[in-house]
Amino acid sequence: MEKMPKWADVILIPAISILLAAIISGLVLLATGKDPLNALVIMFDGAVGSSRAWGYTLYYATNFIFTGLAVAVAFHARMFNIGGEGQALLGGVGVAVACLYIPWPHWTLALLGAIVLSGIFGAVWAAIPAFLQAKRGSHIVITTIMFNFIAYSLINHLLVNVMKPAGVMEPATASFPEAAHLPNFHDILGLVGIDFAMDAPANIAFFVALLACLFLWALIWRTRIGYQIRQFGESESAARYAGVSPTKIIMISMILSGMFAGMMSINNVMGEAERLVLNSAEGAGFIGIAVALMGRNHPVGIVLAAILFGFLYQGGTQLSIQAQIPKEMVVVIQSLVILFTGALDHMVRSPVERIFLALRRKEA
Amino acid sequence: MTTPAIELKGISKAFGPVQANKDINIRVMPGTIHGIIGENGAGKSTLMSILYGFYKADAGEIFINGNKTEIPDSQHAIAAGIGMVFQHFKLVENFTVLENIVLGAEDGPMLTPSLRKARAQLKQLADDYGLNVDPDAIIENIGVGQQQRVEILKALYRKAEILILDEPTGVLTPAEADQLFRILERLKDEGKTVILITHKLREIMEITDEVSVMRRGTMVGHVATAKTSPAELAEMMVGRKVLLEVDKAPAKPGRTILEVKNLSVTDQWGVKRLKEVSLTIRAGEILGIAGVAGNGQSELLEVLGGYQKATGEVILNGEAIDLTGLHSDGQTRRSRGIAHVPEDRQSEGLIMNFTAWENVALGYHNDPKYQKNALFMDNAAIRKDTEEKMARFDVRPPLPELRAKSFSGGNQQKIVVAREIERNPDLLLVGQPTRGVDIGAIEFIHKQIVALRDAGKAILLVSVELDEIMSLSDRIAVMFDGRIMGERDPENTTVQELGLLMAGISGEAA
Chain G
1 MEKMPKWADV
11 ILIPAISILL
21 AAIISGLVLL
31 ATGKDPLNAL
41 VIMFDGAVGS
51 SRAWGYTLYY
61 ATNFIFTGLA
71 VAVAFHARMF
81 NIGGEGQALL
91 GGVGVAVACL
101 YIPWPHWTLA
111 LLGAIVLSGI
121 FGAVWAAIPA
131 FLQAKRGSHI
141 VITTIMFNFI
151 AYSLINHLLV
161 NVMKPAGVME
171 PATASFPEAA
181 HLPNFHDILG
191 LVGIDFAMDA
201 PANIAFFVAL
211 LACLFLWALI
221 WRTRIGYQIR
231 QFGESESAAR
241 YAGVSPTKII
251 MISMILSGMF
261 AGMMSINNVM
271 GEAERLVLNS
281 AEGAGFIGIA
291 VALMGRNHPV
301 GIVLAAILFG
311 FLYQGGTQLS
321 IQAQIPKEMV
331 VVIQSLVILF
341 TGALDHMVRS
351 PVERIFLALR
361 RKEA
Chain R
1 MTTPAIELKG
11 ISKAFGPVQA
21 NKDINIRVMP
31 GTIHGIIGEN
41 GAGKSTLMSI
51 LYGFYKADAG
61 EIFINGNKTE
71 IPDSQHAIAA
81 GIGMVFQHFK
91 LVENFTVLEN
101 IVLGAEDGPM
111 LTPSLRKARA
121 QLKQLADDYG
131 LNVDPDAIIE
141 NIGVGQQQRV
151 EILKALYRKA
161 EILILDEPTG
171 VLTPAEADQL
181 FRILERLKDE
191 GKTVILITHK
201 LREIMEITDE
211 VSVMRRGTMV
221 GHVATAKTSP
231 AELAEMMVGR
241 KVLLEVDKAP
251 AKPGRTILEV
261 KNLSVTDQWG
271 VKRLKEVSLT
281 IRAGEILGIA
291 GVAGNGQSEL
301 LEVLGGYQKA
311 TGEVILNGEA
321 IDLTGLHSDG
331 QTRRSRGIAH
341 VPEDRQSEGL
351 IMNFTAWENV
361 ALGYHNDPKY
371 QKNALFMDNA
381 AIRKDTEEKM
391 ARFDVRPPLP
401 ELRAKSFSGG
411 NQQKIVVARE
421 IERNPDLLLV
431 GQPTRGVDIG
441 AIEFIHKQIV
451 ALRDAGKAIL
461 LVSVELDEIM
471 SLSDRIAVMF
481 DGRIMGERDP
491 ENTTVQELGL
501 LMAGISGEAA
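Here the protein sequences come in this chain order: G and R.
Numbering-wise (the working numbering), the first sequence opens with residue 1 and increments by one.
Numbering-wise (the working numbering), the second sequence opens with residue 1 and increments by one.
There could be a bad hint or two in this list.
25 Å max Cα-Cα, derived PhoX-like pairs, lysine-lysine [stated by the list, open to error]:
(1) LYS68(R) <-> LYS56(R)
(2) LYS261(R) <-> LYS188(R)
(3) LYS372(R) <-> LYS384(R)
(4) LYS90(R) <-> LYS68(R)
(5) LYS384(R) <-> LYS248(G)
(6) LYS252(R) <-> LYS275(R)
(7) LYS248(G) <-> LYS369(R)
(8) LYS159(R) <-> LYS68(R)
(9) LYS272(R) <-> LYS6(G)
(10) LYS309(R) <-> LYS135(G)
(11) LYS159(R) <-> LYS188(R)
(12) LYS248(G) <-> LYS309(R)
(13) LYS309(R) <-> LYS272(R)
(14) LYS272(R) <-> LYS135(G)
(15) LYS369(R) <-> LYS384(R)
(16) LYS90(R) <-> LYS188(R)
Don't read these hints as lab results, they were simulated from the structure.
Given these sequences and hints, build the entire structure.
What follows is the structure in structure tokens.
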């Protein structure tokens with residue numbers, strides 16, 4: 001018998017966690033002499049108060065959906081992919097290659113090309129640690145995190161020595177050509193008569209992210225390979241008995257994971273910056289871990305968690321601009337949410353479970 | 001009469017619904033080596049863990065040297081003079097012998113005086129008991145036998161008068177085991193009390209003074225080793241439950257289905273688990289493999305099931321099976337007509353967090369009738385198949401959406417058996433088909449196995465339940481130490497004879 005109803009598991013527990021994080025954040029703000037209620041108003045206004053605010057929130061959320069999916073698909077095979085950041089950075093290289101070196105006639109084709117190349121670049125970057133895990137037993141957590149640092153250095157090298165246009169000091173590629181510019185929400189929603197802020201970065205990649213969610217759902221719960229991934233994740237011994245090859249599952253799940261992480265670049269590199277710069281992923285690879293954890297590795301949960309973190313990211317930025325709250329304090333607030341929804345999940349879960357058990361006993 | 005060194009009265013301990021120890025009474029006299037024997041899972045280790053303060057007994061009393069003693073944790077056990085040597089050593093690998101011995105028993109904040117004192121005492125102990133170990137050697141650089149001595153020295157350094165050894169020879173070579181026994185005899189001569197937990201009859205006969213036999217959480221009896229025989233102990237260990245009669249006609253063996261020649265398995269530590277095993281099974285017969293758990297039966301099933309590499313030859317229906325290459329996987333085995341009810345349904349046969357219908361596809365996810373098209377599986381078809389299987393095998397409750405962990409043991413096993421038998425395999429591998437299964441389900445599962453035999457299929461049955469082997473098998477092979485000790489006809493053999501073979505004593509010698 002389940003310890004508590006499903007709605008409590010997927011809604012009540014995250015809600016309590018967020019509330020606790022909010023309370024502690026408020027206390028921290030109070031201690032530094034700021035007004036927490038005012039801060040809350042600024043955050044809401046800055047993140048969801050206008051179409052421009054939504055444009056930023058959903059832009060960040062798109063990044064987090066991709067990296068959240070990356071962590072989730074690997075986790076279904078109990079592979080803990082900490083390397084989403086590096087894989088996303090490599091995906092950026094894929095996008096840059098697609099956009100700079102191939103003359104696309106139209107943005108739709110450019111988008112398809114960028115999806116494929118970013119996916120391949122990210123997948124290759126994840127496949128190396130996966131191979132080391134499957135064949136050599138090198139722990140995936142260690143190797144993927146080390147590959148993040150290799151990715152930083154590799155991109156540094158590429159931008160400084162290879163991809164930087166001549167005569168420019170900044171380590172970045174040239175801007176992508178007009179044909180590789182993606183329509184943003186202003187362009188898309190304008191088609192159906194909705195007036196959306198022009199200068200917000202949310203773009204068509206958001207819908208690609210939603211399609212990726214659908215893809216993950218179908219893959220994990222409707223295909224043979226997804227079934228084998230879940231088998232392996234739930235019980236390696238049972239998967240061995242069933243004739244599922246551990247090597248194959250580790251490789252496939254990690255390649256898919258790297259692919260999702262790499263595809264994030266169609267949002268931030270292609271859709272927003274329209275060129276590749278240093279550190280393009282800006283930590284989204286790590287936030288993906290929290291998003292997957294909070295979203296219970298399910299696409300719907302991941303979308304909701306990604307929007308929450310998009311809200312925190314955008315609201316936090318506004319907080320530091322408007323309320324003169326230092327950026328570090330904003331990081332503290334974001335970290336508290338990650339801490340409560342992720343690491344301290346059990347702290348909230350067990351008392352709630354006990355309450356439900358007690359209620360059930362009273363009924364019986 | 002002398003006071004027992006240890007006396008346990010009415011010890012009971014349950015883990016959830018499992019009664020690991022039930023009203024156990026035992027007296028261990030000082031200056032003796034007392035064996036506790038029983039099969040895996042009989043409750044020996046639980047009993048000793050209670051004595052050492054790892055578990056708290058639900059009921060019962062512990063007397064040490066006649067005094068009632070409470071042992072809430074291992075510190076109290078050590079203070080009461082009890083030392084324990086675990087099956088899996090608890091040593092710090094990159095510390096020296098001396099550091100390991102002192103660890104947790106330091107005299108003060110400074111380490112050097114403790115080490116100096118320990119070094120002197122170690123020399124004394126080495127002289128007294130013949131326990132020679134280099135005190136400055138690093139643990140990971142010395143052999144397993146030496147590591148075990150360090151564990152014994154640790155206990156003696158803490159002034160243990162009563163030493164408990166849990167399956168001490170499991171990791172030792174025969175020569176190392178002999179050395180250990182000489183040490184235990186020295187300990188006994190010096191007045192220490194030794195409790196030896198094992199499932200190996202040979203060790204009991206060789207070294208103990210008295211022996212207590214456990215079976216399924218209860219104490220079956222105590223005997224003086226000199227007044228018993230391996231056969232009697234084997235019978236006590238395995239037990240003679242109410243014989244479950246299986247209604248079956250004489251076998252009509254047909255062509256040879258399975259031929260195994262010189263099958264050997266070496267595990268990752270280099271220990272040979274299967275040694276040149278050869279056997280054949282014909283259509284329409286059940287070959288039962290009897291033996292105490294851990295004598296190579298599991299490896300035999302794993303090799304045939306396709307998830308353990310091996311050397312040798314396996315021929316199915318006249319064609320060789322790939323044992324190490326690309327086609328040595330479980331999927332190929334299934335397509336060749338081998339089905340497998342694994343020994344451990346909770347870790348292999350089922351995925352506890354999966355629903356019943358997801359478990360019905362376990363191993364058969366490539367079955368064409370479970371596919372909707374080239375891309376997607378037909379989950380509805382699997383659910384429907386599950387519903388039908390549940391009806392035919394009377395699985396209760398018949399709910400395909402229920403998770404495997406929510407079914408009782410018997411119903412879990414019925415799901416596994418239904419999945420495998422309904423594949424109508426040429427060869428069915430069955431491991432412990434009725435372990436933890438209620439009487440009704442046992443009868444049902446036995447009937448299904450016999451029905452498959454009568455349909456002209458070959459069945460390899462592995463079970464530690466002698467009754468099950470006796471009543472189901474058409475031929476019985478006994479395994480001991482990775483070898484087949486011999487084959488017997490169930491009509492013309494006795495539990496005693498099989499028990500001797502299971503203990504590694506071949507029929508000719510006894």
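Hints, verified against the model:
no. : hint                    : verdict
1   : LYS68(R) <-> LYS56(R)   : holds, 15 Å
2   : LYS261(R) <-> LYS188(R) : violated, 46 Å
3   : LYS372(R) <-> LYS384(R) : holds, 14 Å
4   : LYS90(R) <-> LYS68(R)   : violated, 29 Å
5   : LYS384(R) <-> LYS248(G) : violated, 30 Å
6   : LYS252(R) <-> LYS275(R) : violated, 30 Å
7   : LYS248(G) <-> LYS369(R) : holds, 24 Å
8   : LYS159(R) <-> LYS68(R)  : holds, 20 Å
9   : LYS272(R) <-> LYS6(G)   : violated, 49 Å
10  : LYS309(R) <-> LYS135(G) : holds, 16 Å
11  : LYS159(R) <-> LYS188(R) : holds, 15 Å
12  : LYS248(G) <-> LYS309(R) : holds, 18 Å
13  : LYS309(R) <-> LYS272(R) : holds, 12 Å
14  : LYS272(R) <-> LYS135(G) : holds, 24 Å
15  : LYS369(R) <-> LYS384(R) : holds, 11 Å
16  : LYS90(R) <-> LYS188(R)  : holds, 24 Å
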